[in-house]
Structure formats: structure tokens, C-alpha cells
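> Work the whole structure out from these sequences, hints included.
Given next are the chains, with one letter for each unit.
2 protein chains.
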Amino acid sequence: MTATVNRQILLIEKPKEKLGPEHFRLAESPIPEPKDGEALVKVRYISLDAANRAWMQGATYRAAVETDSVMPGGSVAEVVSSKAPGLVSGDLVFADTGWQDYAVLPAKHLAKLPKVEPMTHLLSVYGIAGLTAYFGLLDIGKPRAGETVVVSAAAGSVGSIVGQIAKIKGCRVVGIAGGKQKCDWLVNELGFDAAVDYKDGALFKALRAAAPNGIDVYFDNVGGDILEACLPQMNLKGRIACCGAVSQYDRTPSATGPRGIPGLIVVKRLIMQGFIVMDYMDQRDEAVAKLQEWVTSGKLKVQEDVIDGLENTPQALIGLLAGENRGKRMVKV
Amino acid sequence: MTATVNRQILLIEKPKEKLGPEHFRLAESPIPEPKDGEALVKVRYISLDAANRAWMQGATYRAAVETDSVMPGGSVAEVVSSKAPGLVSGDLVFADTGWQDYAVLPAKHLAKLPKVEPMTHLLSVYGIAGLTAYFGLLDIGKPRAGETVVVSAAAGSVGSIVGQIAKIKGCRVVGIAGGKQKCDWLVNELGFDAAVDYKDGALFKALRAAAPNGIDVYFDNVGGDILEACLPQMNLKGRIACCGAVSQYDRTPSATGPRGIPGLIVVKRLIMQGFIVMDYMDQRDEAVAKLQEWVTSGKLKVQEDVIDGLENTPQALIGLLAGENRGKRMVKV
Chain G
1 MTATVNRQIL
11 LIEKPKEKLG
21 PEHFRLAESP
31 IPEPKDGEAL
41 VKVRYISLDA
51 ANRAWMQGAT
61 YRAAVETDSV
71 MPGGSVAEVV
81 SSKAPGLVSG
91 DLVFADTGWQ
101 DYAVLPAKHL
111 AKLPKVEPMT
121 HLLSVYGIAG
131 LTAYFGLLDI
141 GKPRAGETVV
151 VSAAAGSVGS
161 IVGQIAKIKG
171 CRVVGIAGGK
181 QKCDWLVNEL
191 GFDAAVDYKD
201 GALFKALRAA
211 APNGIDVYFD
221 NVGGDILEAC
231 LPQMNLKGRI
241 ACCGAVSQYD
251 RTPSATGPRG
261 IPGLIVVKRL
271 IMQGFIVMDY
281 MDQRDEAVAK
291 LQEWVTSGKL
301 KVQEDVIDGL
311 ENTPQALIGL
321 LAGENRGKRM
331 VKV
Chain X
1 MTATVNRQIL
11 LIEKPKEKLG
21 PEHFRLAESP
31 IPEPKDGEAL
41 VKVRYISLDA
51 ANRAWMQGAT
61 YRAAVETDSV
71 MPGGSVAEVV
81 SSKAPGLVSG
91 DLVFADTGWQ
101 DYAVLPAKHL
111 AKLPKVEPMT
121 HLLSVYGIAG
131 LTAYFGLLDI
141 GKPRAGETVV
151 VSAAAGSVGS
161 IVGQIAKIKG
171 CRVVGIAGGK
181 QKCDWLVNEL
191 GFDAAVDYKD
201 GALFKALRAA
211 APNGIDVYFD
221 NVGGDILEAC
231 LPQMNLKGRI
241 ACCGAVSQYD
251 RTPSATGPRG
261 IPGLIVVKRL
271 IMQGFIVMDY
281 MDQRDEAVAK
291 LQEWVTSGKL
301 KVQEDVIDGL
311 ENTPQALIGL
321 LAGENRGKRM
331 VKV
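Which chain is which? The protein sequence lines are G and X, in order.
Numbering-wise (the UniProt record's numbering), the first sequence opens with residue 1 and increments by one.
Numbering-wise (the UniProt record's numbering), the second sequence opens with residue 1 and increments by one.
A hint or two may mislead.
Remember, identical chains collapse to one label, so a pair may be satisfied in a single copy or spanning two.
Unchecked claim - Straight-line alpha carbon distances no greater than 30 Å define the calculated BS3-like cross-link-like pairs of lysine-lysine that follow:
| no. | residue 1 | residue 2 |
| --- | --- | --- |
| 1 | 18 | 199 |
| 2 | 290 | 237 |
| 3 | 115 | 299 |
| 4 | 205 | 108 |
| 5 | 169 | 205 |
| 6 | 18 | 332 |
| 7 | 142 | 199 |
| 8 | 180 | 169 |
| 9 | 142 | 237 |
| 10 | 142 | 108 |
| 11 | 18 | 112 |
| 12 | 142 | 290 |
| 13 | 237 | 169 |
| 14 | 205 | 14 |
| 15 | 112 | 237 |
| 16 | 237 | 16 |
| 17 | 83 | 115 |
| 18 | 237 | 14 |
| 19 | 16 | 205 |
| 20 | 112 | 83 |
In short, the hints are calculated from the structure, not lab data.
In C-alpha cells:
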């Protein structure tokens with residue numbers, strides 16, 4: 001039995017502040033046909049990332065999202081039919097298919113994936129999340145054994161892996177997350193040395209208690225108040241890996257930035273450095289090999305949060321921005 | 001004729017906002033005697049730096065200044081009498097003598113200086129200012145020929161040298177300074193490609209016009225609004241050398257930081273890095289040799305602003321913070 005309809009989720013209006021279900025609409029269209037050099041793919045798992053929300057705000061490392069078009073997003077997809085050399089039916093690929101059942105894309109926009117069990121790991125630990133954690137922590141953060149590493153959004157897809165890699169490297173690891181349950185999970189299940197609940201108030205003091213020797217590496221997924229609380233606690237020549245600013249996405253552009261910049265950067269001789277994982281794609285294979293080694297040996301636990309059904313993708317993103325996920329959130333189509 | 005009195009300028013109260021003459025007092029004390037391992041030095045030229053003001057705010061890379069004690073500050077001084085091996089009367093040294101006629105210091109706190117003509121160059125181009133410009137621009141900014149370098153406080157001791165070194169390295173150089181006279185001087189006398197008067201309003205637009213290809217390196221002496229105006233104009237993988245935050249010194253601690261952090265750092269993959277020149281002292285000799293080569297060949301012009309008389313030191317610092325100097329300000333004692 002072959003499906004004949006392609007369900008699509010369109011962004012119908014860009015949110016000015018909080019993203020809500022009213023910004024999306026479900027549509028249907030015929031399943032497209034591939035032309036020469038293209039392939040038709042069936043979407044299997046859609047990756048949900050805070051960056052999806054940032055794309056709506058304006059040009060980031062990609063063009064701003066257009067309204068009344070399919071919401072973009074990366075996914076693991078399976079080739080259904082191909083008019084491109086090197087791609088055959090059944091191949092697994094990573095591609096920006098957008099939020100829909102099917103997509104036709106030129107072969108150059110389809111990255112072939114190995115078969116991995118479970119397939120979902122291709123979006124979590126071996127996907128953007130795992131690679132972002134790996135390169136951001138090791139190349140920008142440069143943690144040394146015995147140093148203190150703090151990571152925000154620590155129960156998220158990237159943060160949960162950052163903390164575990166830092167443990168593997170012999171660091172003291174402090175996670176910042178929202179809620180006692182997540183904090184307990186970080187310490188009891190993932191082996192973090194301490195976790196700070198930012199919803200509990202008194203973030204600065206709690207961080208001081210959790211990182212009594214100061215912070216050498218801060219892996220920042222959120223920006224805003226949490227970055228501001230970390231800055232004065234950074235040690236001399238500390239490194240701040242700027243990975244995202246999720247606290248800033250679901251609102252109008254902030255009129256101010258964190259206090260202490262650039263004063264504390266000068267006095268403490270800090271490095272703040274932004275990065276995106278695409279810059280490291282030439283080193284992807286060695287990173288995946290290392291991550292696989294850690295996963296296989298049990299040193300790195302993979303947490304996934306799989307939501308069922310394309311129609312639930314908007315709510316899945318809205319919930320992710322509210323911090324309801326633990327580990328890598330994705331939608332099974 | 002030997003002097004018998006040591007005039008000293010004491011900081012009697014820490015300024016909460018603007019520094020004024022009321023925060024200082026002139027005192028007199030006997031000229032101290034050196035003990036074993038110490039030398040008595042006569043202060044010749046006192047260096048004035050925006051950092052002097054930062055020291056009053058609290059602990060920076062040095063302890064906070066204490067009230068009712070001699071205002072600290074670096075100077076070129078001459079050994080008068082010595083009970084330390086390796087130091088004889090007539091030797092020139094650099095030391096934190098503070099603002100006074102004479103000081104007794106242990107030999108390990110006296111750095112011997114070569115004889116240079118004019119002696120004032122030991123505090124400007126071959127001193128902290130020149131070395132700060134040299135290492136901050138080349139090691140942190142890493143400018144490449146053809147790139148655009150922007151420097152703030154461009155008519156100051158550090159900025160005027162930063163811009164000229166960037167020109168030597170083949171960059172397009174834009175200086176930000178206060179007032180048309182300084183801006184004209186940067187372009188006409190020092191060879192900057194353009195200068196922007198931040199007092200003229202419309203800083204963002206003026207900067208856009210002066211740096212139409214965006215900013216690759218921003219050498220930040222000031223922080224605040226000027227840093228905020230530069231951030232969105234940084235090119236991908238741009239570098240911000242954080243040298244100082246003079247806009248923040250003469251006021252209560254700012255409640256906010258520059259907008260766009262960390263969002264723009266992530267999206268543009270910027271590096272912001274703080275540094276202090278003391279970290280580079282093992283490379284001092286090669287830097288001075290290079291600076292001397294440029295000065296001798298006429299590629300690097302040295303601008304000094306010498307104020308006469310110890311009693312005028314407070315006003316000289318107050319004026320420096322108001323931006324009235326051009327090039328390296330110092331006091332001849």
C-alpha cells in the first residue's frame with residue numbers, strides 16, 4: 001500500500017515572542033517526483049533543536065525561515081526512489097527535508113548515513129547534538145583533567161553529552177538544568193558531580209557551592225542570566241564555548257546583554273568563542289568513531305525523547321523550548 | 001643640593017562615579033632609606049593609564065587600591081642609592097613607585113631599563129602601551145593583510161599604535177575617537193584609512209560607511225556602546241581583542257552589558273578574548289626590537305603628551321579619562 005499524500009507542516013506566521021501552535025498549519029500536497037540528479041525520500045525521524053526557533057528570528061548561519069512554506073528541519077530519511085547516481089532505494093540519508101512525510105532533494109543535499117542500531121542514534125549521539133557537544137567542548141572548551149566544567153541546558157541533547165565527555169576527560173562537572181527531577185537525573189544517572197536547578201532561585205550562590213574552585217570551562221547553551229551568573233565565577237584564562245542562546249529565542253530581541261562584558265573578559269583574560277558544528281565536518285568520522293567507542297563501552301549514556309507523529313512536531317518544538325525534554329528530542333514520522 | 005622631602009599623592013577616597021581632584025591629597029614625608037636588598041629611586045616620569053582608574057573599582061589583575069595610601073602607578077625612575085647587588089646609582093628602572101618623588105623598593109620589583117633617547121619612549125612605544133598594542137593586535141587580533149581592523153580610543157596611547165601596526169600589516173584601519181580634531185589627526189598624520197567620531201552620533205552608520213566590508217578585528221579599549229555598535233558589523237570568524245573598558249570605569253558598575261551577546265558570538269563564530277600585557281613578558285625583547293625597527297624607519301610615529309609636575313598628576317588622570325590626551329600621557333616629576 002503506497003501513500004499518495006504528503007502531509008506538510010507550514011510556518012504560517014513568525015512568532016514575535018513565544019512560539020505557539022497558532023504559528024503552524026498542517027497541509028497536504030501530492031507526493032513529488034524526483035527529476036534527474038534528485039531522489040525522493042521518506043522522512044523517518046525529524047530532529048528538533050532550539051536552533052529551529054532561532055531560524056525564525058532572522059538570518060543566522062542559514063537564511064531566515066519564510067512564512068507559508070514547509071518548516072525546515074533536519075531528519076533521517078530513507079530513499080524511496082532515486083534518479084541520482086550512488087543513491088538507491090532503502091539508503092538512509094541525513095537531509096534538511098523539512099517537517100513533512102516526503103521530500104525531493106538533489107543528491108548533493110543528501111548525506112548518506114551508515115546503518116546504526118538504533119537508528120535514532122543517528123540524530124542524537126552520532127548526529128548534530130553529539131558532534132556539537134564533542135567539538136564544542138574539546139576544541140573550544142579545551143578541558144584539562146581536574147578542571148571544573150559547567151554546562152547549561154545540561155539535561156538537553158547537547159548538554160547531557162557535554163557533561164559526560166567532560167567526566168571522561170577527568171573534570172569536575174556541574175550541570176545547570178530546570179527542575180529537581182532533571183538535576184537528580186544528571187547526578188544519579190549520568191554521573192555529573194553536581195547539578196544546579198536554575199528555577200530554584202539563588203543561581204549565583206548555588207553555582208558557587210557546586211563549583212567551589214571556580215569555573216574553567218563554561219559550555220553555554222542559553223546565554224542571558226545564566227551566562228551572567230557564570231561570568232564572575234570564571235577562573236583566570238577560562239574558556240566560554242558559545243553554543244546557543246536559547247533563553248533569548250522565544251522573545252523579542254533583548255535590549256541588553258550580560259553584565260560584566262567586557263570588563264570581566266579583560267580582567268580574567270577569558271576567551272568567549274562561538275562555533276557551529278558545520279565548521280568541523282571534515283573531522284566528523286573520527287569524532288563519531290570516538291563517540292561510538294564511549295557508547296559501546298558504557299561510558300556515554302544516550303538519552304532520547306521520541307515523540308510519535310508528524311502532526312505533533314509543532315508541539316514537540318514548543319515543549320522543547322519550554323525545557324520539557326530530557327536528552328535528544330525527535331519526532332517519529 | 002639634595003631634596004629632603006618626599007612629596008606624595010594619596011588617594012583619600014575611592015570615587016563612586018566620576019573621579020575628581022577631591023579624591024586626592026598632596027602629602028609630604030621624609031625620604032626613606034633603603035635596607036639590604038633595596039634601592040632608593042627618584043621618579044622621573046609617571047605613566048598615566050585608564051587602568052589606574054580601574055584599580056580603584058576593585059580587584060583587577062592586582063589588588064584594589066587602598067585609601068590613605070600613595071596612589072600606585074608605574075614610572076621610569078633613576079636609582080639614587082642602592083643596597084642591592086646589580087643596581088647602582090644612575091641606573092634607570094621601571095617600577096610601581098606610585099605617585100611620589102621618591103620610593104624605596106626591593107630589587108626584585110625594579111626592572112632595569114636600557115638608555116633610550118628620548119627617555120619618554122620607555123613609557124610609550126617601548127613601554128606598556130606599545131607592548132599592549134603589539135601583543136593584543138598580533139596575538140589576539142591576528143590581522144591578515146586586506147582585512148579591516150577597527151580600534152577604539154584610537155588617539156590614545158595604545159590605540160594610536162594598534163592602528164599603525166595594523167597598517168604596517170596591510171590592513172584597512174578605522175579608528176574610533178572623540179572629536180573631529182583627533183579623527184583628522186588619525187587620518188592625516190598617522191595614516192589611518194578612516195576615522196569615526198563617536199561624539200558625532202550615528203556611530204553605527206558611520207562605522208558601516210568607514211568599514212564597508214565589515215570588521216575582521218576589533219581592538220576594544222572601551223566596551224559599552226562602541227562595542228555594541230561593532231558586534232553586529234563583525235565578519236564571520238572575526239576577533240575581538242578585549243583590552244579595556246574605559247567607558248565603564250568612571251561610573252557605578254553597569255547593570256547591563258552589550259546587546260547581542262552571546263547570540264552574535266554564536267552566529268558569527270566570533271572570538272572575544274581578554275589579555276593583559278604581563279602575560280607576554282617572556283617575548284618582550286623581540287617585541288621591543290620590532291617596535292624600534294618601525295620607529296627608526298619612520299613607519300611608526302610616537303605621540304606623547306607630557307604634563308609637568310607631580311602635583312598635576314591627579315588632574316592629568318582625570319583629563320585622560322575624559323579623553324583629552326593624544327597619544328601616551330605621562331607626568332614629568
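> Take the hints in turn and mark each one as holding or not.
Hint check:
1. In this assembly of identical chains, the alpha carbons of residue 18 and residue 199 lie at most 30 Å apart only when taken from the same copy (19 Å versus 38 Å across copies).
2. In this homomeric assembly, residue 290 and residue 237 come within 30 Å of each other (Cα to Cα) both inside a single copy, at 28 Å, and across copies, at 27 Å.
3. For a Cα distance limit of 30 Å, the shortest separation of residue 115 from residue 299 inside one copy, 22 Å, qualifies, whereas the shortest one across copies, 62 Å, does not.
4. Taking the shortest alpha-carbon separations for residue 205 and residue 108, neither the intra-copy value of 50 Å nor the inter-copy value of 40 Å comes in at or below 30 Å.
5. In the homo-oligomer, the alpha carbons of residue 169 and residue 205 lie at most 30 Å apart inside one protomer (26 Å), although the nearest pairing across protomers, at 47 Å, exceeds that limit.
6. Taking identical chains as interchangeable, the C-alpha atoms of residue 18 and residue 332 lie at most 30 Å apart only when both belong to the same chain, with a minimum of 25 Å there against 61 Å between chains.
7. Within a single copy, residue 142 and residue 199 get their C-alpha atoms as close as 29 Å, which meets the 30 Å cut-off; across copies the closest is 41 Å, which misses it.
8. Taking the shortest Cα distances, residue 180 and residue 169 sit within 30 Å of each other inside one copy (26 Å), while across copies they are farther apart (55 Å).
9. Taking identical chains as interchangeable, the C-alpha atoms of residue 142 and residue 237 lie at most 30 Å apart whether they share a chain (11 Å) or sit on different chains (18 Å).
10. Within a single copy, residue 142 and residue 108 get their C-alpha atoms no closer than 33 Å, and across copies no closer than 35 Å, so neither meets the 30 Å cut-off.
11. Taking identical chains as interchangeable, the C-alpha atoms of residue 18 and residue 112 are never at most 30 Å apart, the minima being 35 Å within one chain and 63 Å between chains.
12. Taking the shortest alpha-carbon separations for residue 142 and residue 290, only the intra-copy value of 16 Å comes in at or below 30 Å, while the best inter-copy value is 32 Å.
13. Taking CA atoms no more than 30 Å apart as the test, residue 237 paired with residue 169 passes in both settings, with 19 Å inside one copy and 28 Å between copies.
14. When the C-alpha separation of residue 205 and residue 14 is checked against a cutoff of 30 Å, the pair qualifies only between copies, where the shortest distance is 28 Å, while the shortest distance within a copy is 38 Å.
15. Within a single copy, residue 112 and residue 237 get their C-alpha atoms only as close as 40 Å, which misses the 30 Å cut-off; across copies the closest is 29 Å, which meets it.
16. For a Cα distance limit of 30 Å, the shortest separation of residue 237 from residue 16 across copies, 29 Å, qualifies, whereas the shortest one inside one copy, 38 Å, does not.
17. For a Cα distance limit of 30 Å, the shortest separation of residue 83 from residue 115 inside one copy, 22 Å, qualifies, whereas the shortest one across copies, 78 Å, does not.
18. For the homomeric pair residue 237 and residue 14, the shortest alpha-carbon distance between copies (28 Å) is at most 30 Å, but the shortest distance inside one copy (40 Å) is not.
19. Proximity of residue 16 and residue 205 under a CA criterion of 30 Å is satisfied inter-copy only: 26 Å between copies versus 33 Å inside one chain copy.
20. Proximity of residue 112 to residue 83 under the C-alpha cut-off of 30 Å is restricted to the intra-copy arrangement: shortest distance 15 Å within a copy versus 77 Å between copies.
Hint compliance for this structure: hints 4, 10, 11 are broken, all remaining hints hold.
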